[in-house]
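A.B. asks: Residue-level listing of the chains:
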Amino acid sequence: MTQNREDYFGSAWLGVIAILFALLFIASHSNEILKQIVVAPVSAVEAGLHADCRADELEEEDLSLQECQLMLANVQIILASSPSWFRPFQIVLSSLGCLLAIASMNAGMSLVQKNKSSQFALVSFVALLLIDIVGFIAAINLGPLLRAQYLWPQIIWIAIHLSLLIPVFALTTKIGTDGVVK
Amino acid sequence: MLALPLPAEDISYRILPFQLHKNIGLTLLIIIVVMVAMRLITNREQAAQIKTKREKLALIDYWAIYVLIGTACLTGYLSSSYSGWETVFWWLVDFPAWAEESDELNILFSDLHKWSCWALLLVAALHISAALYHGFRNDDQIKKMFDPK
Numbered sequence: 006m007t008q009n010r011e012d013y014f015g016s017a018w019l020g021v022i023a024i025l026f027a028l029l030f031i032a033s034h035s036n037e038i039l040k041q042i043v044v045a046p047v048s049a050v051e052a053g054l055h056a057d058c059r060a061d062e063l064e065e066e067d068l069s070l071q072e073c074q075l076m077l078a079n080v081q082i083i084l085a086s087s088p089s090w091f092r093p094f095q096i097v098l099s100s101l102g103c104l105l106a107i108a109s110m111n112a113g114m115s116l117v118q119k120n121k122s123s124q125f126a127l128v129s130f131v132a133l134l135l136i137d138i139v140g141f142i143a144a145i146n147l148g149p150l151l152r153a154q155y156l157w158p159q160i161i162w163i164a165i166h167l168s169l170l171i172p173v174f175a176l177t178t179k180i181g182t183d184g185v186v187k
Numbered sequence: 747m748l749a750l751p752l753p754a755e756d757i758s759y760r761i762l763p764f765q766l767h768k769n770i771g772l773t774l775l776i777i778i779v780v781m782v783a784m785r786l787i788t789n790r791e792q793a794a795q796i797k798t799k800r801e802k803l804a805l806i807d808y809w810a811i812y813v814l815i816g817t818a819c820l821t822g823y824l825s826s827s828y829s830g831w832e833t834v835f836w837w838l839v840d841f842p843a844w845a846e847e848s849d850e851l852n853i854l855f856s857d858l859h860k861w862s863c864w865a866l867l868l869v870a871a872l873h874i875s876a877a878l879y880h881g882f883r884n885d886d887q888i889k890k891m892f893d894p895k
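Protein chains in written order, with this note's numbering: chain E, 6 to 187; chain P, 747 to 895.
For reference, chain E alone in the conformation it holds in the complex (with noise of 0.2 Å):
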């Protein structure tokens, strides 16, 4: 006779944690994309325009002057780092992310309220990791300044993917009432 790791030790806590950073890649990705829209490549910036950084303005957002034409610089170096090929591939992948990662919310209501099988979730975090390996390679392949912005963040997903991935990866796997691993 067997029995479901998840019955044995409870999988609630994994599905909280599962919920958690679902919506914390959705935020992540959803700024990515509207990050990407936002800043098209033909824009008044490359032309070389300065920062109109107004006195009022600088005291209204609490900012210094310097501070405010390194906000220009900022969307500077995503103009000059970014390959031709990376903003359209970056919508499509964190629109993908946004799509998974509210299925892996999915599935981390399933595993608190232990109505679906554990390979759903499984599944999720899978493809969840597959995302940020894409990504990784993507960041890899940047000039220094853009991937000195995207790498950090994509090992810490593939970190945060994989501690998720691996528990559920255990809950599939059926025990014995004796313990021991079928």
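By construction, these hints were calculated from the structure, which means they are not laboratory data.
Under the rule of at most 20 Å between Cα atoms (straight-line distance), these lysine to aspartate or glutamate pairs were calculated in the EDC-like manner: (1) P/Lys-860 <-> E/Glu-66; (2) P/Lys-802 <-> P/Asp-886; (3) P/Lys-860 <-> E/Asp-67; (4) P/Lys-797 <-> P/Asp-807; (5) P/Lys-860 <-> E/Glu-65; (6) P/Lys-799 <-> P/Asp-886.
Okay, the calculated bits of chain E under chain P, using three or more residues with CB under 8 Å as the criterion: (7) 17 to 24; (8) 77 to 84; (9) 107 to 118.
Owing to the predicted nature of the structure, the values given are computational and were not obtained by experimental measurement. Quick reminder that beta carbons are idealized off the backbone N, C-alpha and C, glycines included.
Start from chain E and add chain P according to the hints.
C.D. replies: Showing chain P alone in chain E's frame:
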């Protein structure tokens, strides 16, 4: 969004993110009002049954989240109203400019918006901690939250 360059005649990076930010905030405000009304109508009996300290704390946390989301959304809208920027709800409905531009009131409501957001993050962290606590205890409390029947 905050790291995007300040808007100018040729630099308009902030327009889309800010409009989207305001639209999401105003939509959230409408949802919160509906949710509070629903909760007040349906959960009166449930609230009367609350006895333990932990249950009282959970109820306070719950209401704090509602109040802080509402405050964050409202102060954000007020700040925007006094900034002189237009609000077009989901690019469909023009909200009337009911306030004169005022830097002082813009900064005041902007500060209130910022601090209510920080407070909301703190309360959300408490809420997440409570969810994790029940998750690790495996006491089926979270299951009840998803499916109260």
